[in-house]
Structures are given as C-alpha cells and as structure tokens.
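Engineer: The residues making up each chain are set out below.
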Amino acid sequence: MTRTEPAAAPADAPDGAGPRPPQNTAPTSVAVRPAPGRPGGAGLISALGIVSRRSLRHASRDVESMLMAVLLPVMLMLIFVFVMGEAMAVGESAGREEYLAYVLPAIALTTAGFGASHTAVVVSNDLTTGLMDRLRTMPFPAVTVLLGHVVSSMARNLTATAVVLGLAALLGFRPAADLPQLAAALGLIALWILAVTCVFTFIGLLAGSAEAAGGYGFILLFLPYISSGFAPVETMPDWLQGFAAHQPMTPIIDAARELLAGDAAGSAGWIGVLWCVGIIVAAVGLTTVVFPRRAGRG
Amino acid sequence: MSYADERLVEISGLSKSFASQPVLRDLDLSLPPGVHALLGPNGAGKTTLVSILSTLLRPDAGRVRVLGLDPVRDRRRLQSMITLTGQHAALDGQLTGIENLEMLGGLFGLERATTRRRAAELIERFDLGSAARRRAATYSGGMRRKLDLAASLIADPRLILLDEPTTGLDTRSRQALWEEIRALAAAGTSVLLTTQYLDEADVLADRIVVLHGGRIVAGGTAAELKERVGGSTIELHDAAGRLVEEIPTRGDANDVARQLADVAEVSPQASVLVRRPSLDEVFLTLTGGPARDDRHQDRNQDRNQEVLA
Numbered sequence: 001m002t003r004t005e006p007a008a009a010p011a012d013a014p015d016g017a018g019p020r021p022p023q024n025t026a027p028t029s030v031a032v033r034p035a036p037g038r039p040g041g042a043g044l045i046s047a048l049g050i051v052s053r054r055s056l057r058h059a060s061r062d063v064e065s066m067l068m069a070v071l072l073p074v075m076l077m078l079i080f081v082f083v084m085g086e087a088m089a090v091g092e093s094a095g096r097e098e099y100l101a102y103v104l105p106a107i108a109l110t111t112a113g114f115g116a117s118h119t120a121v122v123v124s125n126d127l128t129t130g131l132m133d134r135l136r137t138m139p140f141p142a143v144t145v146l147l148g149h150v151v152s153s154m155a156r157n158l159t160a161t162a163v164v165l166g167l168a169a170l171l172g173f174r175p176a177a178d179l180p181q182l183a184a185a186l187g188l189i190a191l192w193i194l195a196v197t198c199v200f201t202f203i204g205l206l207a208g209s210a211e212a213a214g215g216y217g218f219i220l221l222f223l224p225y226i227s228s229g230f231a232p233v234e235t236m237p238d239w240l241q242g243f244a245a246h247q248p249m250t251p252i253i254d255a256a257r258e259l260l261a262g263d264a265a266g267s268a269g270w271i272g273v274l275w276c277v278g279i280i281v282a283a284v285g286l287t288t289v290v291f292p293r294r295a296g297r298g
Numbered sequence: 001m002s003y004a005d006e007r008l009v010e011i012s013g014l015s016k017s018f019a020s021q022p023v024l025r026d027l028d029l030s031l032p033p034g035v036h037a038l039l040g041p042n043g044a045g046k047t048t049l050v051s052i053l054s055t056l057l058r059p060d061a062g063r064v065r066v067l068g069l070d071p072v073r074d075r076r077r078l079q080s081m082i083t084l085t086g087q088h089a090a091l092d093g094q095l096t097g098i099e100n101l102e103m104l105g106g107l108f109g110l111e112r113a114t115t116r117r118r119a120a121e122l123i124e125r126f127d128l129g130s131a132a133r134r135r136a137a138t139y140s141g142g143m144r145r146k147l148d149l150a151a152s153l154i155a156d157p158r159l160i161l162l163d164e165p166t167t168g169l170d171t172r173s174r175q176a177l178w179e180e181i182r183a184l185a186a187a188g189t190s191v192l193l194t195t196q197y198l199d200e201a202d203v204l205a206d207r208i209v210v211l212h213g214g215r216i217v218a219g220g221t222a223a224e225l226k227e228r229v230g231g232s233t234i235e236l237h238d239a240a241g242r243l244v245e246e247i248p249t250r251g252d253a254n255d256v257a258r259q260l261a262d263v264a265e266v267s268p269q270a271s272v273l274v275r276r277p278s279l280d281e282v283f284l285t286l287t288g289g290p291a292r293d294d295r296h297q298d299r300n301q302d303r304n305q306e307v308l309a
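Chains D and L, in that order, give the protein sequences.
Using the numbering used here, the first residue of the first sequence is number 1, and each one after it goes up by one.
Using the numbering used here, the first residue of the second sequence is number 1, and each one after it goes up by one.
Source of the hints: derived by calculation from the structure; they are not laboratory data.
Careful, some of the hints might be misleading.
Under 7 Å between C-beta atoms, here's a sample of chain D residues computed to sit facing chain L [as the list claims (entries may be wrong)]:
id, residue
1, HIS58
2, GLY130
3, ARG134
4, PHE140
5, LEU167
6, ALA231
7, ALA295
From the three backbone atoms N, C-alpha and C, an ideal C-beta is built for every residue, glycine too.
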C-alpha cells in the first residue's frame, strides 16, 4: 500500500501555500484515494482467526492461570484419591481405584468448568480498558472478539481435561470404554466447557470490573460437590437430593462415568446434552442482546 | 464531487439521551477537513458526540454524515476510513507493541505483508523500537499514548478521532503528542479531538467548537472566538509599568492606529500593549463562568499580549 493521495486539502489553501507537502496541493476525488484495507474491513473468517490467535496468546502468557489450571486438578485428584479414596464406598466394591474411576468425571468437569469461568475476566478486561470500544469502531463484527475468547477457553480447558485424564492414567485408571464411548465422554465434557464459557462470557459483559467478574467463578468450584460427582446423591439428606439430582452437572457426570466404564450413557446422556444446549442458547441469546448495549460505556 | 468540497462532518438536529437524560440537544454542525477541537467541561457531551461520529453509539434523532457517510447505514465503509482513540489508551496489554499494531491492521482488512510493513514503519516513526517486543502493559503512560496513536494510523485513516488525547500526560509527553498531531494534519489527515484544555485547542485546532450542556455554544477559529468576546484592548502603561488606561479596540490596524493617534497627543511617553482576550476569557464568557467584569482584575490571563510599541 502506498499513500497515493492526501486525505484533506482545504479548499482555500492555494497551491504551495503553507507547510503542506507538495503532493497535497491538488484537490482529489473521494473515489481516487483507495483505502489501504478492504473497504469492508476484515472478513468474518479472517477476523475470527486474528482474534482467536490473540486470545490464545493471552492464555499462553497468563502463566498464573495456566499454573492454576494444572494444579487444581492435580490437587483435587490427589486429595480425593489418597485422602478419601480408601474411606469412600461407592458402588459394589470400595477402594482407591474404584473411587478414582468414580470421581474422575467430576474432577475433569470441576477443573474445566472453573477454567472456563476465567472467560468472564478476559471479556470484562476488554470492556473496561476501552479496547472493545476501539474494536467496535473498526470494520469487522466486534462480536467475533467474544468468539475468540470462546475458542481460547475451549483450547485451554480441553488441555486441562487432557492433564486430568493423563494424571488419572498415571494413578492407575484404565477406561473400559471403546473409542466411540471415549469420544462421547470427551464430547460431553467439551459441551459443558462451552456452556460454562458462554455463561461467563455473558457475566463478563455485565461485571463492573475484571476482579468482580473473576469472583463469580467460585460457583463452578462448589456446584460439583452438590451433584453425583463425589458422592452418590442417595447418600445426601432429602432436602439436598432434589437439587443434587436435577442440577445439570449430575446427568453429565453420570453419563461420562458410564461411558468411561464402557457402558451406555442412557437417558443421562441426553439430559446432559439438553442442559448444555439450553444453557448455551440462553447465554448466547442474552449476550447478543446485551453486547451492543455495552458500547461506549468503557 | 472533489474531496476539497466535501464536508468532514455534517450534523443537523442531532440529539442523544441516556436513560431519558439528554446529553446532546439538537446539535447542528458542519466542519470542513482539517483539525478541529471539541472544547468543553466534563459532562458537556464531547465523548458522546465523538462516539456517535465514530459509529460507537446511535443517535436518537437527527442527520449525521461523516466523510459523507451515514455512521449507522454506511457503518462498515465509514469504519475503514476513520479511527477512534478513546480516553484510555485502548491497547491489549498482554500483546507486545508490534502485535497490537499487527492485530489492528489485520482487523482493518490489511494484507499480512502490508500490515507488517506499516507496523514496522510506525514503530520506527514513533521511536518505539526498543519497546516493540515488550508487552504494552509494561509501557509508561507516554509510550502507551504513542503506541495508541501509532495504532490509529495503521490503516491510513482519513479522519482520526481523539478523545482527550493528552489527559493524564506529563508536559513532555503532551508536547510530543502535539507534534505528532501537527504532523498528521500537515500530511493531510483530518483530526477531531476533544479537550478540556484551552491551550490545547488554541495550539492544535484550525477550528474550535465549544460544547456546553449538550449544546454548541460557539464555533470558529480561535481568533474568531476571541473576537466574539469583544475584540481587543489597548493598554497604556506608565514608565514604572503600571497600567494607567484601557481602551477598547476592534483590533485591526486601522482602528488601533486611529486610537493611538489620540493617545500620542495626550501621553506620548506611554508604553502600549494590545491585548487580545484569552481563550480562557472566551470560555468563561460562553459557558457562563465568572462575570466578565472580573476579567480586568485577573492579570494572570494575559497570555496573548502583543507588544506593539
């Protein structure tokens, strides 16, 4: 690109007058000076590529979050398997390895869910620093910036899931699942990550500051305990069973556990998928309403 | 239509409210290409106006054209020709200087090779070479502003909107930024900046629009605005430098010469100053600040004195 024509030559400036460089003296037609970029800016696909690369860079540079993403599952796994594993009697036989297989889906979902809640922080950061406002004045759909954060969250938390599964394998977990079952279990976990990411994208839009946005992530640390993830729902008091049995994490955890054990997911699988899809649709809907209204408030 | 005829900004009947609180009330404004300052106190509506011109906010009512385009209907086309730099240096702190520039260039739709070359040029021009590969979060305030302005130039815009560009900068960074804005103007890029600082508007802008309470209370060149407050004043001082007399004048050579001819007859030894009203006085008058009677007591405002004799 070369700058072929000046942007503004005042009508009243005589040729050669003033400090303007010589090439600025001729009045030029609007059409003559080509915009250096595409007239419509970056297309949707290339914009998505650019903002995703940006968000992934953030993730790779945020060493503390990365450390947290790895340490959280490691600590959870070690505590639940070595401290409580022997004492817990789930299913027919009690023992560390049985309990490991039992809590594995819950630990994977806790780790990935909490990791996905970090999306609220990065979204809120873009809004409160004014960067989002600058991006909104540029010739591409600004909502792709949110999609970039979603892509990054998926990549980050699927990596965390891989760490969980790798550690479980080290501790002696051997899934009985065949390949389609393994894929289905991973798919459920990925769907949960996506659902949490979408919800926390929306929370990031509403939060007054990045710190506040980060605070909401605690929900994802406690929600799994009131589910079938760490102890069977039947062992809980009646008043808690209602919530524990019907909150979205329970069917997802049950289905993932069955799949990893080489069994059919049953109705839990479909209920889990429906929960995730419902949450995603609601969060995306709310985001598309709220996002345009948050312009110029940075 | 040749560009020279085109208006940079054309507004009629523009209104905007937030939660039924009017922020802009029925604005009319027409600006030719050049450097313009929107001058006004906090809450005057400057940022809202800039936000509407830069496609960030939709007007409630009225007709708005920027570079001949409607910021709502022709949004994408306009967006590829303008750039907004907000009150905070809006950069990605996690990315390096060069990554910031390349990201924005890519989003403007520049080809990768073009983006790289432009980014390298801008890093050089703004003397950011040593910081180019450091994260923007580690930059000083002045450097952030420089990178911010460099980022605005990545796609060679026709109009640059700057919202309070020098707020929070130290004097040296402020001067450096002024130099850059002047260089932009000299290269033919139009600039619309908002400011609370009168000297900034005075030094940088071809034309000044005074905004107060969501209304335009005055507009014109700095000289024209000063004229509105009542022309200039001839001051007569005695040998000890004491002010002995003030004579109002239109300020042109004819009128000053006529007045001074009378003075020369009465007190030929008097030393003479012609004082133009300062922009501070203009501002106070237009926005309902302290009464005009006070201004003769306030000798601190004599920034625009011109010694004639």
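Engineer: Quick check on HIS58/D please, does its C-beta sit within 7 Å of some C-beta on chain L?
Structural biologist: 5 Å, holds
Engineer: Please verify that hint: LEU167/D, Cβ, nearest Cβ of chain L, below 7 Å or not.
Structural biologist: Given a least distance of 29 Å, the restraint on LEU167/D is violated.
Engineer: Was the hint right that ARG134/D lines chain L, CB cutoff 7 Å?
Structural biologist: Holds, about 4 Å.
Engineer: Could you check if PHE140/D really has its C-beta closer than 7 Å to a C-beta on chain L?
Structural biologist: This hint holds: PHE140/D lies near chain L, its Cβ roughly 5 Å from the closest one there, short of 7 Å.
Engineer: Would you check whether ALA295/D satisfies its interface hint, that is, whether its CB is within less than 7 Å of any CB in chain L?
Structural biologist: 5 Å, holds
Engineer: Next item in the hint list is ALA231/D. Is there a CB on chain L closer than 7 Å to its CB?
Structural biologist: Given a least distance of 40 Å, the restraint on ALA231/D is violated.
Engineer: Have a go at the GLY130/D hint: is there a Cβ in chain L nearer than 7 Å to its own Cβ?
Structural biologist: Since chain L brings a Cβ to about 4 Å from GLY130/D, closer than 7 Å, the hint holds.
Consistency with the previously given hints fails for numbers 5 and 6, ordered from lowest to highest.
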